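> Could you put the whole structure together from the sequences, leaning on the hints where they help?
Which chain is which? The protein sequence lines are A and B, in order.
full-length UniProt numbering numbers the first residue of the first sequence as 1 and each following residue consecutively.
full-length UniProt numbering numbers the first residue of the second sequence as 1 and each following residue consecutively.
Careful: at least some of the hints might be erroneous.
When the alpha-carbon atoms are kept at most 25 Å apart in a straight line, the in silico BS3-like pairs for lysine-lysine are as follows [stated by the list, open to error]:
#  : chain 1 : residue 1 : chain 2 : residue 2
1  : B       : K33       : A       : K834
2  : A       : K468      : B       : K33
3  : A       : K834      : B       : K60
4  : B       : K60       : B       : K85
5  : B       : K85       : A       : K755
6  : A       : K508      : A       : K480
7  : A       : K480      : A       : K459
8  : B       : K85       : A       : K452
9  : A       : K834      : B       : K85
10 : A       : K326      : A       : K468
11 : B       : K85       : A       : K58
12 : B       : K85       : A       : K459
Source of the hints: derived by calculation from the structure; they are not laboratory data.
If you're wondering where the values come from, they're calculated on a predicted model, not measured in any experiment.
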Amino acid sequence: MQQIVVIGNGMVGHKFCDLFARHPRRHAFQLTVFGEEQRPAYDRVHLSAYFTDRDADKLSLATREWYAENQIELRTGELVTELDTANRQLGTHLGYEMHYDYLVLATGSVPFVPPIPGKEKSGVFVYRTIEDLDAILDYAAKLRELPGARSVVMGGGLLGLEAAKATLDMGLPTDVVEFAPRLMPRQLDEGGAATLTSTLEGLGLGVHLSKSTSAVGGNGCITHLDFSDGSQLEADLLIISAGIRPRDELARKAGIEVGPRGGILADEYMRTSAPDVFVIGEAALYREMIYGLVAPGYDMARVSLSTIMADADGGCMPESIDLSTKLKLIGTDVASFGECFPEPGTARSIVYHDEAAGIYKRINVSPDGSRLLGGILVGDAADYNMLHQIYKNAMALPPQPEDLILGTRGSGGDAGAGIMDLPDAAVICSCENVTKGTLCGHLSAEQAHSVKDLVACTKAGTGCGGCKPILSDLVENYLKSQGRVVRNTLCEHFAYTRQELRDLIVLKQLRTYDEALDELGHGHGCETCKPALAGIFATVYAETANPQAAIQDTNDRFLANIQRNGTYSVVPRVPAGEITPDKLIAIGAVAKKYGLYTKITGGQRIDLFGARLDQLPPIWEELIAAGFESGHAYGKSLRTVKSCVGSTWCRYGMDESVTFAIEIEERYKGLRSPHKLKGGVSGCIRECAEARGKDFGLIAVEEGYNVYVCGNGGARPKHAELLAGPVDRQTAVRYLDRFLMFYLRTAGPLVRTAKWLEGLEGGIAYLRSVVVDDVLGINEELETEMQGLVNGYRCEWKEAVNDPALRARFRPFVNTDEAEELEFVALREQKMPKPW
Amino acid sequence: MTAYQTILPNQVTTWFRAGRTDQFPVGAGATIKYGQRQIAVFYFNRTQRWYACQNLCPHKLENVLGRGLIGEQDGVPKVACPLHKRTFSLETGENLNGDCPPVAVFPVRIEGGDVYVGFID
Ligand code: SRM
Ligand SMILES: Cc1cc2nc3c(=O)[nH]c(=O)nc-3n(C[C@H](O)[C@H](O)[C@H](O)COP(=O)(O)OP(=O)(O)OC[C@H]3O[C@@H](n4cnc5c(N)ncnc54)[C@H](O)[C@@H]3O)c2cc1C
Ligand code: SF4
Ligand code: FES
Chain A
1 MQQIVVIGNG MVGHKFCDLF ARHPRRHAFQ LTVFGEEQRP AYDRVHLSAY FTDRDADKLS
61 LATREWYAEN QIELRTGELV TELDTANRQL GTHLGYEMHY DYLVLATGSV PFVPPIPGKE
121 KSGVFVYRTI EDLDAILDYA AKLRELPGAR SVVMGGGLLG LEAAKATLDM GLPTDVVEFA
181 PRLMPRQLDE GGAATLTSTL EGLGLGVHLS KSTSAVGGNG CITHLDFSDG SQLEADLLII
241 SAGIRPRDEL ARKAGIEVGP RGGILADEYM RTSAPDVFVI GEAALYREMI YGLVAPGYDM
301 ARVSLSTIMA DADGGCMPES IDLSTKLKLI GTDVASFGEC FPEPGTARSI VYHDEAAGIY
361 KRINVSPDGS RLLGGILVGD AADYNMLHQI YKNAMALPPQ PEDLILGTRG SGGDAGAGIM
421 DLPDAAVICS CENVTKGTLC GHLSAEQAHS VKDLVACTKA GTGCGGCKPI LSDLVENYLK
481 SQGRVVRNTL CEHFAYTRQE LRDLIVLKQL RTYDEALDEL GHGHGCETCK PALAGIFATV
541 YAETANPQAA IQDTNDRFLA NIQRNGTYSV VPRVPAGEIT PDKLIAIGAV AKKYGLYTKI
601 TGGQRIDLFG ARLDQLPPIW EELIAAGFES GHAYGKSLRT VKSCVGSTWC RYGMDESVTF
661 AIEIEERYKG LRSPHKLKGG VSGCIRECAE ARGKDFGLIA VEEGYNVYVC GNGGARPKHA
721 ELLAGPVDRQ TAVRYLDRFL MFYLRTAGPL VRTAKWLEGL EGGIAYLRSV VVDDVLGINE
781 ELETEMQGLV NGYRCEWKEA VNDPALRARF RPFVNTDEAE ELEFVALREQ KMPKPW
Chain B
1 MTAYQTILPN QVTTWFRAGR TDQFPVGAGA TIKYGQRQIA VFYFNRTQRW YACQNLCPHK
61 LENVLGRGLI GEQDGVPKVA CPLHKRTFSL ETGENLNGDC PPVAVFPVRI EGGDVYVGFI
121 D
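As structure tokens, then:
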């Protein structure tokens, strides 16, 4: 048996192992891997995600168990320090020695830190490993006590901008300092970079170009940067992202040939100058370049493995390597592909620039207009996947190549359809090297029916994830081309859409989940279809979450939102945010008695956190006695109708917005819907209730109310659109009844109003024709149905505390009365769960 | 986590009485205490089967699994954690939609209207 050794357990080193594990002739070889980092390989590409939840597991590419199961010896936390290529021996810092027959160097790279005086000060970081991010997070946490603390990122390239977005998201005002006269100098031209700069400035990022840093200032800790032009910039945290340097120290010491500016020299089979020693990933210098991207690294892993295995069809590295990139995460789209800056005279450039919208697109086509050579997209990179495919496959261009970035004007062209024109050899997922032919093969062999299946069969989409949109276009178009309808069916248990299921439930008068499953579904259900059907029963029969508690989403089952430590929050309804002093005192008394953390919510009410499951019924009993009802903060249902103070007090008010907001909140309270619902009523166009950020919003004007619908805040903010107005209050309510009922009937599960409107053919104009002009002739029906739900309202907490059988579900343990043991820590004058 | 280990029916040395069958919800789970350990017990009314697993979710180490929604995926009974919807097979304990470590599962026996969970200590 021959021994292969891989040095480096990063992304590319791991890819080698992954391919090895699946290789048919692997049993003739023994594989050992050394990794300097403590943990097994993880996904560096998505490293920034670690800032959101500090969850290293989510980044993990493979577990120790995986290595053990595949009989690959993994030695992490061990640095290879000695290499003798003549005797094929290596040694580690722990004194361990071993022999190899084949050696693969996958030592990656380190961030380059320019020799600037003061760079060793505390508060100065690089951005490459989980440990780097931990250090940054810990330091940033300390900075929180320092008012006005700022962060600076040195380097305005791909990684620098990603790091800048991360510190900005941490709440630190952030500046980016770039040596070149523009951002992303390697990927963008001047126009693109200028557009990017102004968009980023709009996001609150400071951008400083043509700056050369001469010193890191501060006494122990960094406080500012000095530039060679004499200027200064305040900085309490600095992330240096000034490029990478390949880790070639081991190879260099062993006498393996390296490039003049670093990097281990490789030929097209990724062989180094030493016999049977290979190099892959960011440590490799191939065709005079280091490639700081995973896709070329994965190719190198494939080529080196098939060379070692002497595969008949192994192949070698391509002569030119595709460096196209789409940037993730910086709050605006940026992509570049192929030849971004062609030599003058070798190409014709077409530029589209919309300064106000922050969009810049440039494509370079061959002088005869037949081929796409490359391009740059800033502000809107929706066409990237398609353009990149056209470029890579040298596909024929339309007669007017500008249509590629402007769209075919006039006749509504279908953007996604082009995917079916790609040749079978087109590589769709470059990280995993999966072609369109392979993907379609799985689809036509019925081995795959969805994106999820394709990912499972081919691993496409598991790398940078950039090809996911094109995968779903492919599935959709493939199924369409087979004459199959693409339907958003609920899950494996129900082959219907939510709307179809709702209609069938009404038609067949089905009353329970089990009946519906027997009549309309198969199998035994799951966490997707249960809550979806619970929602349908609620909107058809005005059923609360109590009778069928077992099929409710867990928050609805316990009529409260679960928190990080398994305790719950309590949110009584405070219609329109109006509350009497007595009621405030009552809430305060309950919070005090049960030791609950108390906070004013973003929805104009009060949230009491940290209640144990068994405490929920007594807490609610006391709140109900004080006149409160459930606030449904846990349900996909009406949350709040936010209001401003309105004409009762405000000198600008056009109407009593609080009175109207209360009326509306009382009307729709408890209404369950496909997703949560929020409303707002503002007394005038100053819009202090942010009504246009809600699913429905009413804004008082001189002649009545303007009715807006389908807005939301959240992850994809969207302003509500004008449905009608000005109308009187009564008409406004009638329109809302119709609009809400139409949404309740037709939206898919967990689709909020804004997204629902996006999918509605004809958009707001169509919605208006239904709600206002009654083109479907269903308005009377919709109003009656809504009135039924309004009349059917009951406070489900009252129901739950008064019925002993319903109340039993709040017992934490079936077999003992012991209370749960929960750990809290102090927070200011209150408490919080012990952090994860 | 180390306190919980999957137990196969043939290894059981102690059948612990967890309660009467009618004390458990239908088509959902509830939690029992066995010494210091918390065990989630589930009754799948559609298949008339009972399952048990540790209440501690391996993802963030919170005692919550007994409150999760239950269901089936390709015939495998599973529970979805209420915190982040990781799902676990109630037959093998493995995480079905991610790479969390598995949960320990325990055999359940119904006798004379009582629910018993099998342990080895
Ligand atoms: C408590 C509160 C934050 C606060 O302390 O202020 C809050 C807390 C939570 N929000 Fe929120 N949101 C709260 C106001 C908001 C607002 C502001 C508002 O309503 O004016 C928004 C943006 C407006 C909007 O919804 O359009 C908001 C957008 C979200 C979203 C994103 C929704 C979207 O469509 O993108 C989620 C996630 C979801 O629903 O899927 C969310 C989900 C959550 C959850 C339920 C997350 C969870 O599942 O545990 C949090 C539960 C807390 C709890 O246990 O009570 N929360 N959340 C606010 C409660 C308001 C209330 O009185 O009911
Ligand atoms: C924040 C960030 C975002 C990125 N985003 C993208 C992106 O969007 N798209 C993209 O394509 N690429 C991206 N990259 C780049 C991508 O992560 C790298 O190209 C890839 O990780 C390179 O893999 P590698 O295995 O060559 O090196 P590495 O992942 O660095 O692995 C090398 C490993 O070898 C170890 N090692 C070194 N020497 C020794 C030794 N002597 N003994 C034992 N172990 C040793 C190191 O400790 C390291 O763990 C990003 C990188 C970062 C940091
Ligand atoms: S309260 Fe809302 S915004 Fe805040 S952490 Fe929870 S879900 Fe996120
Ligand atoms: S704690 Fe269970 S899934 Fe996160």
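> A separate judgement is required for each hint: does it hold in the structure or not?
Quick rundown of the hints versus the structure:
1. For the given pair, K33 (chain B) sits about 22 Å from K834 (chain A) by alpha-carbon distance, which is consistent with the 25 Å threshold.
2. This hinted pair does not check out: K468 (chain A) and K33 (chain B) have alpha carbons roughly 45 Å apart, beyond 25 Å.
3. This hinted pair checks out: K834 (chain A) and K60 (chain B) have alpha carbons roughly 12 Å apart, not beyond 25 Å.
4. The hinted pair formed by K60 (chain B) and K85 (chain B) meets the criterion: a straight-line CA distance of about 12 Å does not exceed 25 Å.
5. Taking the CA atoms of K85 (chain B) and K755 (chain A), the gap is about 23 Å. The hint holds against a cut of 25 Å.
6. As the CA atoms of K508 (chain A) and K480 (chain A) are separated by approximately 31 Å, the hinted pair breaks the 25 Å bound.
7. For the suggested pair K480 (chain A) and K459 (chain A), the alpha carbons sit about 23 Å apart, so the restraint of at most 25 Å is met.
8. Proximity of K85 (chain B) to K452 (chain A) is assessed by CA-CA distance (about 18 Å); at most 25 Å being required, the pair is judged to hold.
9. For the hint linking K834 (chain A) to K85 (chain B), the alpha-carbon distance of about 21 Å falls within 25 Å, and the restraint holds.
10. Only pairs whose Cα atoms come within 25 Å are accepted, and K326 (chain A) paired with K468 (chain A) is accepted, the gap being roughly 13 Å.
11. With a C-alpha separation of about 14 Å, the suggested pairing of K85 (chain B) with K58 (chain A) holds against the 25 Å cut-off.
12. For the proposed pair K85 (chain B) and K459 (chain A), the alpha carbon gap of about 23 Å is at most 25 Å, so the pair holds.
In summary, the structure is inconsistent with hints 2, 6 from the numbered list given earlier, while agreeing with the others.
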